[in-house]
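As a plain string of letters, each chain reads:
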Amino acid sequence: MPVSLLWAVDVFGRVYSLSTAGQLWEQCRDAQMEFKRVTAAQQCCWGIACDNSIYLNVHASDLPVRHQEDAYENQRWNPVGGFSDRLLPSDRWQWSDVTGLQHQLLDGVQLPSSSWEWEGDWYVDENFEGDPTEKGGWTYAMDFPATYTKDKKWNSCVRRRRWLRYRRYKAMDTWAKIPSQQTTLPDPFSDISCGGWEINEEPRGRLSLWAVSLQGKVWFREGICHHNPEGSSWEEVDVPGEVVQISCGPGDLVWAVLWEGQLIVREGVSRDCPKGTSWAVVESPNPEVGATHIAVGVNVAWAVTKDNKVWFRRGVNSHNPRGSGWISMVGEMIMINIGLNDQVWAIGCEDRAVYFRQGVTSSELSGKTWKAISVPRDGERSHSSASANSIQSAGCFFFGEVRDQSGGSDVESDVEKGSADGAFGLMAAPESSADAATNPSSDPPVEAPKPRIPKVTSDSFISELVSDQEPGKTSRDVGSAGPAVLEEEEAVSGEGDVKIPSAGAGRSPSQRAGAPDLQWSNVDLEEMQARHVQPAAGQDASDSCSLSSVATYTLAMEDPYGADEHPLWAWVSGGGCSVDSHTQLNWFICPLNTSSLHQSVQSLSLSMTPTQTAAWRKQIFEQLSERSKRELDNFKHYEQAVEQSVWVKKGAMQWWRDWKPHKWADVHFALEQFSGPEGYKDGILFIYYSHHEEKKYLHAFINEVTILVPVLNDSKHTFAIYTPERTKQRWPFRLAAATELEMHDWLALLSASCCDARGIHGPPTKQAIWSITCKGDIFVSEPAPALEAAPYPTPCDQMFWRQVGGHLRLVECNSLGIAWGIGYDHTAWLYTGGYGGGFFQGLSSSTDNIYTQTDVKSVYIYENQRWNPVTGYTSRGLPTDRFMWSDASGLHERTKTSAKPPSTQWTWVSDWAVDYSVSGGADKEGWQYAADFPASYHSYKTMKDFVRRRRWARKCKLTTTGPWQEIPPIPLSDVTILPCPSNSSVDTVPVWAISSKGDVLCRLGVTTLTPAGSSWLHVGTDQPFKSISIGAAGQVWAVARDGSAFYRGSVSAQNPAGDCWYHIPSPAKQKLKQVCVGRTSIYSVDENGNLWYRQGVAPSYPQGSSWEHISNNVRKVSVGPLDQVWIIADKVQGSHSLSCGTVCHRLGVHPFEPKGQSWDYGIGGGWEHITVRGNSMEPPRVFLP
Amino acid sequence: MADDKDVLRDVWFGRIPTCFTLNPDEITEREAEPYYLLLPRVSYLPLVTDKVKKHFHKVMKAEDVEEMWFEYEGTPLKWHYPIGVLFDLHASNTVLPWSITVHFKSFPDRDLLHCPSNSIIEAHFMSSIKEADALKHKSQVVNDMQKKDHKQLWMGLQNDKFDQFWAMNRKLMEYPTEEGGFRYIPFRIYQALSERLFIQKLFRPVSPEGNTHTLGDLLKEMYPDALTNDGEQKRYQVLIHGIEPLLETPLQWLSEHLSHPDNFLHICAIPVPTD
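Keeping their order, the protein sequence lines are chains A and B.
FYI, in the working numbering the residues of the first sequence are 1 to 1185.
FYI, in the working numbering the residues of the second sequence are 10001 to 10275.
Excised from the complex, chain B in its bound form (with noise of 0.2 Å):
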């Protein structure tokens, strides 16, 4: 019998096949080969592309290189948002590998946050923790956590270390059993089509009457458009770590399982493909 700790490591060991493509009109003094690269879904960009700036690095001048940042078919990729998250939104459906561009000048400021250093994305990160927390404990775990509790956290996501990450990371997924969940469930619903960064609100796993509300209740509160009504056409395809959960698994099981690192559950609506 498969078991609900397996679903953990599966989601963590997710990875997604990539070819970075050097942005054909970078300045470069050789032809930059395509680098191949499986990228862990629930990591950010710029911690696990250091290889691939050392290989394109190498066949560039100093002084051609600025800030580096993403793009797939046109669209900037947001660094802050994880990398499954990107790839579902963006290339799911696609032929694999992920092709995506990489840039060295004109940075979208626009589009695009900077992002100088790790520093940068380990208070990203740390901020969606407690963002996370404060909605679930009223950030009664994280505060109760010492410094080195942060950095281990921190340390498991970026050294790609499942067990120091869980070892930690268990606590914040506590919650008392009489109260049947945590207080509220931290979500964001990604939208393809829209222009709205995402969708965020207060929602709790369980029904002011006892009923443990599923992923369907949240959707149908949130965003009812996801939805498919009784004999209409399947417009949209609700994707979590790459997968359409049945819509009635429990919100809290969600919350638990399947969210990423940062805590938060990501959901990506996307059209359905029409090939």
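Looking at chain A on its own, in the form it has when it is part of the complex (with noise of 0.2 Å):
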């Protein structure tokens, strides 16, 4: 499980997160000042400040948020002076944007926010679609505006070139204030809502940010995205009432709460409308009981009324947001949230502590339980001396308050709009100049100026709470040190005096001194810090002169943290905490003991486990080798007591037959295991079946078998089991099992018996070559020393190969040991260095090592229509038409209910939506036009357009177990580590990414023992990429996403990142897709399965002199450290059948012909990657007589 945070703000206003792999709320100590609000997404945070403004957190991430502006220079030729910038009158700005319209000069161009700084300053941009132009960037043409090419020609009147800036997001996990471009700023927030980014993921990083303002106002900020954290403006949203808290959900949900009690549903919020058209009303659950708060996620809304009891609203989903019914749920709650995965948060009424909602699933919406969420905070300045009886009028009281006033909410928050805007200034400012003036002695105040708002929404009655309190009367004794002070602060609460009709004047003075630290804060603070000030203030009278929190601060340091106490909570936010009911959490026990302590330290690090290293490990290690000397070494020629026999397993299975017409028949299906002398093993499998009445049998020796590989399909459990001559047959034996726990059963057992049939066991060694089918699944095989040998190399097909727990798109390795793994999901995980894991349990399987892996894939079905010309396009085709939901290849239906996940380990985790992200694009309802099916489909619709089609994916996961561990949090997309010679000695090991966006990442800090590094730097690039490889003395070459290839120039052990990128062309008129770089030779691989050899590398030259073709039906290609190529071929003829996917190794290759002469073909098909950069051996010599 990837590292997330939960968000919660307690009731001082001070904002604390927790880890899903903590066990602490860690206070945000950057927060400058308190805080009423957050609202989390996954890479950011959102909070409104006790000054009213909005401020953003965004994570500091590997990634850097960069924008890349652009200008056009545009130049005219004319006769006299050649090109020059004199145009016509007619013609563009001499500086525009890429239309020509807009006059944009370089210094024209400003930094949105101080939030932004310059990466560097203009320059040329000199590629021009992937290939590098000439002259200075420049592209000509006949005239603006028209098609610009690089090449100059005759009747090249204009040309053009674009300067390139790069401007970069600083304030990284700080909370940056949005600047307000607006003068007409709405009114103060007072609530805020971030979600929405499930229904576009274009532009990347999306997200609605909803917000009210304290008149009950709605704004939408505009222009969310990664690249634009801040947005760019506030879009008022017209609403029925005055809403005082909204909650949007990750998906299309929003929803809002009235004044009166009512809740609005948003409607019409979709992918190209994130603001939605209208909004529809949902009575409060119970009609005397008006609603407070609101928390929506993807399927569900929640709410809290206002006499705390909590709501579940049944039947909320995209196409009916405003769901069927209410159900009153158990527990009283001042808040709730909810998180990804629509898991549930709350803060209790009576305890104020964060509650987790335990049992939510997909299936079970409402989850089971609430279970408070018990960790310490990493609080030297803790507060909550309280007890828990005052903590429980606390709340009790607030929202007697709000039961009792909600009437009059009207009057008063009329009176507030007209005072609020002047009394924000004015108060600020003197006061913090009070603060500053009275209070020499104590801490210099780390709060920035909070002027006293009182009115947060619900938090409106604070004004009548405090004067109900009358606080004051002791702290206006001791509050008479400086007159000067009470003046400035009895003119500030006159300003307070307006907005709270109901308050006698004799509040705010002595409110003023006893705590004129605590203006701002949630209803509780106010309550709760007047009562701890009023002892204080007793007791210490020489702090008296001023009463700050400051002092109420070293009066609680004094009281130190206690096991017992209980932090107050304001507001939580799950929005960016990835956990769903699987999830093991750390939170609900206290970690008292260091083993459990440990236990959190280990799960963090991903390199060696302490507990492992651990004295009494070794101690129980050592003596056993020492007790297996002292009483068997010498007495080895003694009889064993049992003597060693067969063991036999047998079972039904289904067998798909060898001969036509192939079927599944029911077999018999045993193992025969049987030690020999020596302790050696072997076995034998039998298939038992009947052909025309008779008893036949097929078997196959155990130690022949080189794979046990499970097959993808969707109705039986199946696995097949090849030897070298199944291999060559390209014809396995292919099995099916009654059940997936009997198949694991038996997958187990015979993976276990060949094992222990070749002496193999533990984990992979560093040499290992590993693989990975079309099903995910990983398999490793121990390379023999004549792997590689010339002339006679050991044949491929005789490589034995063994699953390793896990689930995997690709997996990248080098002799040092190191090896990551990229899951479908573009997860990055790292290989922990153990073994087994998924089905294999028991022995087959370290007991270290092995953690929770989960993958993500989508399944793809299609919706296809035809047009005719009465009802334009329908679902009735013509009778010679495909399915009207179908495959991709239209010839198997598919609808939303047949279609199944892949295996029964995948489960759906999400519902039918439509894939806008097609390849050849498609309009705005994701339909893709063609002349008929089949054909090459396009985005718009022409008048020869007869069919269209659309595609609706849906996500389904999968959950197993292996050695791998998930390097968060940047989700790759291909990665590559430096192969070394076997005994080199590096140290920090380079390693090289794409992120799954298509930028190129360098991992720094990777060393054995620290084999997932400690951070990405990123390596600017004018275009995303999509393959990289690393070769020996840093060979770095990438493919961009265009096809191009790049080589990487001066990569060095001191410049990890090297500096520049050259670009190399590709193969005439082929587009690149991988490229794989061993010690010398560099391979190529492009979009028509073209294996290409680049020629001309010198270590003077190393970007080559030209792509030489090798061959083709070529998948994917890995170049070892030995400079040996092996590759993923497309078709491979058997004698019995054709395989797809298949491990082939060149033969012949040798360092004066390091392109090989012919291909061994090996295990397949199926597969899909293959890495063989960990085996360094060098084969024995052999010399040819």
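Zero decoy hints are in this set.
Partial selection, computed: residues in chain B whose CB lies under 8 Å from chain A:
id	residue
1	Arg10015
2	Leu10038
3	Leu10039
4	Val10048
5	Asp10160
Calculated Cβ distances over 10 Å to all of chain B for the following chain A residues:
id	residue
6	Trp77
7	Ser114
8	Asp238
9	Pro793
10	Thr988
11	Asp1160
Simulated from the structure, these hints should not be mistaken for lab results.
Just so it is clear, the structure is predicted and the values come from calculations on it, not from any experiment.
Note that beta-carbon positions come from the ideal geometry of N, C-alpha and C, so glycine has one too.
Fit chain to chain and form the complex, with the hints in mind.
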């Protein structure tokens, strides 16, 4: 599970976060002021601070937030001076944007806010559509506007070039104020909620941010995305009443609460219209008691009414955002928040603890029970010495008020509207100066000026509350020290009085004097602080000249943090907290002992596990080996008491018949295991079948089996068994077990038996060859020393492969034992050094180093329609047409109900949704048009288009275990690790990667002890990349998304990221797909399956000179540290069948013949990936006579 | 890096070289040669001594043969203790091979249980497993197993099939991760110098405060004499499978890795040899 954060604000306005891997609320120290509310997404957290401004905290990531600004320089040719900046009067600006319509001076491009900085100066873009240009980046055309080419022709009258400059968002991991561009900024904000990231993934990092102002208006923040985390502007959204609180789910749900206690639901929220179109009203769950709070997720809505009752809304989803009915839930809460996966977080009404709803699953969205999170805070400044009683009264009292006062709210807010704007500016300044003046001895106040603005939606009764308390009686006595201060404060509090018509005048000065620093807060704070301050003031008269919060803090600091202390929370946001009902959280028991701390440390560190090295364990290992020496070594000639015998396991299975017609036949399956002398083990497999009433059998010796592969089949639990002979035939034994469990039992047993027979135990060696099937299963093979021998290498159909737990799309390794994997969901995984996991249990699996691994992928179906003149596009096709709901080929019917996850290990985790990211593009509803099925599709309708289709996607998830640990947080699409000679000593190992968005990354701090490394270094590129490979001597090659290759210059240990990219043209008319660099050889695969070798690479000219064609039908290539070449071939013909996705080995590769001569065919089909970059074993030298 | 799985293997394949000699009082037709055998530490004497029985029967008349029993330096060996426990308790720190005297008459009914057939051993073994699972999982795991699964455990032991045994036994070693261990640790502490059979009480792997209990914690509570106080000469060796784990070894780990096939952690406290 990736580590993610739960955010919360306590009643004192301090912001804390709790990591899913941690057991401590960590205070957000850089928060310069108190916060009222926070709303989190995975990449950032938004908050409203006490100044009612909105602040943004973007989580630092190794991927910088960069934005490319560009401008075009335009020139026209004239006969006298050639090209010059003198343009015709009818021409565009000399400096313009890409369209030429906007004047764009380089100096005119400003940073959007103080949170940004320039990365460098303007420079000319020398590349044009993936090719380098010659003369300063100029592109030529006949006239503006026209098609530009990089070649200057006789009729090129105009030219232009692009200037680029990058700006970078610098306010990472800190609360940065969102600047208010508008002069007529909405009145102060009182509530905020972000979400909507699931409705549209483009542009990347897009968020919907909704805010509520004190006047009850609703605002929508436009333009938030990864490159523009702050968004661009506020847009008001009309509302049918005064809104007090709003909630936006990760999908298209947006609900809000009105002052009157009804709820409104936003309708028409969609991919193209994240703001929605209209509101619909939903009545409060209880007609007598209005709602005060709402929280929505993807498919749920939870509400709290004024009596603190919790309600769950049934039947909420995108099609029916209003849901169907309320269900009363157990528990009394003051607020609720829905996080990711519809998980529910709440703050208890009585104890103000943060609660987690346990047992929330997609099938049981309402969950089972509330469980309080009880982890300590890192608070050296903890206040909460309050007794449970006062806590209780705080909560109840407050809400009692709300109930009583709800009728009078209009009056109050009206008054407030009048006073609020004027009040802020006035109040802030004098007060802070007063503080500074009168409080020289105390700690410098960490808080920025905090105007007192009591109305915070539901907090709007603070004033009454506080006035009822009359806390000033004591503090007023001690407040006599500075008359000047009092005067100031009286002036200020005069303002306050305007807002609170019902409050007595006596309240304000005392309140001011009593707790001048506590002006703003959630209601609880006011009350709590007031209570705190009274005894404090009584006891400590010396501090009384200014009873600032600093003084209060001092008091609290004397009171050391106790285990029974109880933090009081005001707000929680789980929008960035990725947990689900299976997640193991350590938040519910206090870490009182070192061993559990140990565990949390262990789960964090990706390298050595401390228990592995514990002294007691070492002692046991040592003593056991001493014991065998003592008790066995001299007595080996003694007879064994128990003779070894044959052990047979039998079962019923189905077998895919070898002869035609092929079909599944019921067979008996048996494994006979026996131990030979000297403990050597072997076994025989039998398949007993009947043919024409005759009983027959097939058999295979266990020591001949080369692999046991689970096979993808959506209805049967099937696996295949290969021997070298069966590999040559491309026709394995295919067997199906009755249940998944049975298949896994057999696979585990057979695998253990095969490993025993070959004497293979424990984890794969550092030299191991890794491969992955299309099912995501991971296999390793121990290379024989003669595997790369010339001229007689070990045939690769004899290689023995065993499975390792986990699910990956690709894996890369090197000979130092460092291996990284990438899942289908682009998660990066580190190999932990273990073995087993998955269905390998007990002895075939290591106990440590096995972790839960998840992967997510999408299942696609197509909706097909044909146009007819009467009704337009309908789902009525011609009789000859494909199914109206089909797979990609159109040959098989796949409806939303009939489509299944790839296998029983996968479960659906989302609903069907239109997929807009199809290749070729799609229109606003996701349709792609074509003249007829099957054809090439385009994203717009033309006259000739009679059919259209759109792709629907549904996500499914697999949970398994394996020796893999996640490397958060950046999702990757490719990774490469420096291949090393076997006995090399490299301190830090270069690791490069491509993020799923195409950024090039360089991993720092990777060593054999810390194979996960420490951080990413972002390597700038002008376009997204898709493949990368590092070879010996720091040769880094990459392929951009446009299919061209790049060489990275000057990569060395001192300069791990190199300095610049050299463009390498791709082979003529081919777009490259993948590149792999070995010791000296560079190979590349293009999109048409051609394998290319880079000619002319020399130390002095590392870019080489040209691409030479080697082979076709290649899917993937892996070049190892010995320059050995292995590929996944597309089609390989065997004696019985043809296999796609086959591992092949290049024969005849030699330092003087790096291209090799021919292919040797190994295991397949269904293979997707192989890496031989760990195998640095030099073959034994053979001298031919 | 050595793996915990190797510990299971080492434990299972622990062997004690043994020399069986016939009690000189037995009536024989000719002189009985001693018989040498590697005894599995985790097994039971009657289960692995068929060869011994056959060997000595050859030199004896059938009418002189009664139930076979074993004795070491005057102590009758209880067959229902695992062989490794018998050795650690009575013969550790002696010269190997272990010299056991074989008797065919005067069965010491006061000291030993009769063992007419292997089914008695099986019953004893299975009842130990069930007792252990009652402690570990309120018997849930063992009750969920089928008859054939029980048989697999027993056959695994009887035929010395490590894989066969552990394929099933791993289920008995599972526990919910959130609980950090078994309910109670099935253990027995044997004292070499005591008439008491053994100590067996309820003891949890994790303290109520969430601390991991160690071997030291267990001994402190059950048999404090076995611990060495500061400044004191070490008096007792605490042996499990013939080795002395450190006192800070977590009990749960010991129970998972150093238990005998009967799922009990057999701990022997023997006096430190004075030589």
